[in-house]
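Based on the hints, put chain B in the right spot on chain A.
Protein chains: 2
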Amino acid sequence: MTLIGLKAEFRKTVTETDVVLFSGLTGDFDPLHIDEEFAKKTIYGRRLVHGALITSFMMTAASIAAQAAPEFVLPSIGLDRLRHTGPVFIGDTMTVNYLVTGAEPARNRYTADVEVKNQRNETVGIATHIFKAIPL
Amino acid sequence: MTLIGLKAEFRKTVTETDVVLFSGLTGDFDPLHIDEEFAKKTIYGRRLVHGALITSFMMTAASIAAQAAPEFVLPSIGLDRLRHTGPVFIGDTMTVNYLVTGAEPARNRYTADVEVKNQRNETVGIATHIFKAIPL
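These protein sequences, in sequence, are chains A and B. Residue 114 in the numbering used here sits at position 88 of the first sequence, and the numbers go up by one each step. Residue 92 in the numbering used here sits at position 66 of the second sequence, and the numbers go up by one each step.
Any given hint could be a false lead.
The list treats identical chains as one, so a pair stands whether inside a single copy or across any two.
Below, simulated DSSO-like cross-link-like pairs (lysine-lysine); rule was C-alpha separation at most 30 Å, straight line [unchecked claim]:
#1 Lys158 with Lys143
#2 Lys158 with Lys66
#3 Lys33 with Lys67
#4 Lys158 with Lys33
#5 Lys38 with Lys67
#6 Lys33 with Lys66
#7 Lys158 with Lys67
#8 Lys38 with Lys158
#9 Lys143 with Lys67
#10 Lys143 with Lys66
Source of the hints: derived by calculation from the structure; they are not laboratory data.
Here chain A stands alone, though its shape is the one from the complex:
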């Protein structure tokens, strides 16, 4: 059995609430994320969503994809070439697409392509997810 082709889509409007809760949970109070007046003076013009929150939503998509393989646990090994290719602002709606595309049977590893687009179909994030498959 192969996990290649396993996939998921995860859509979400990223709200101010998400950004506030994420700041409090992680302790990342960078003014670019929590200080509207500061953010106004930067090239962004307003508060940015934390890149790590977008990365976290990528991993939510991975978890959703994993539901189709309940005979395994699929722990994350990590990410390669994670890039925040565009800013995400409060109110943006992102669509995460997750697709398992590669296998390395000798090391029991799989790789998945992850892409995040905003409501204007602009790619705002990409990564390669690496995980292993452990039979339950």
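Chain B only, in chain A's frame:
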């Protein structure tokens, strides 16, 4: 002026509350993180902390380091070779060490080495953080 040498340490006990709030915030309800009875039957034996939460704490360390360079905004470009090198369990205390080690002046990019250790001094996460520096 160079940002090389900029650094931060961020320590935190990762509590059940963190894991519960992170699940609710991200929508990542993978049973490995939220179902103790399921987790007991896996090789881990108990609930695992989300890797994405540890990654988020890496970025908190980056934000703390950035406080020493208030003349710039330092938006993240991404991460290279992020690896969860060991499991993190509820109750573990992690120490994130963040150090800017590289510069690519032509592309206005910097790189930082990030390492996360647990209370037994085991490395549980590593990554290379890539960011740019935009003068305010």
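Status of the hints after comparison with the structure:
With identical chains, the CA atoms of lysine 158 and lysine 143 are at most 30 Å apart both within one copy (26 Å) and between copies (22 Å). In this assembly of identical chains, lysine 158 and lysine 66 lie within 30 Å of each other by CA distance solely across copies; the values are 18 Å between and 43 Å within a copy. For the homomeric pair lysine 33 and lysine 67, the shortest alpha-carbon distance between copies (25 Å) is at most 30 Å, but the shortest distance inside one copy (40 Å) is not. Within a single copy, lysine 158 and lysine 33 get their C-alpha atoms as close as 15 Å, which meets the 30 Å cut-off; across copies the closest is 32 Å, which misses it.
In this homomeric assembly, lysine 38 and lysine 67 come within 30 Å of each other (Cα to Cα) only inside a single copy, at 28 Å, whereas the closest approach across copies is 32 Å. Taking CA atoms no more than 30 Å apart as the test, lysine 33 paired with lysine 66 passes between copies only; the shortest distance there is 27 Å, against 38 Å inside one copy. For the identical chains of this complex, lysine 158 and lysine 67 are inter-copy neighbours only, at 17 Å across copies versus 44 Å inside a copy, given an alpha-carbon limit of 30 Å. For a Cα distance limit of 30 Å, the shortest separation of lysine 38 from lysine 158 qualifies both inside one copy, at 27 Å, and across copies, at 27 Å.
Only within a single protomer do lysine 143 and lysine 67 lie at most 30 Å apart by alpha-carbon distance; the minimum there is 26 Å, versus 37 Å between protomers. For the identical chains of this complex, lysine 143 and lysine 66 are intra-copy neighbours only, at 24 Å inside a copy versus 37 Å across copies, given an alpha-carbon limit of 30 Å.
Violated hints are absent here; each numbered hint is respected by the structure.
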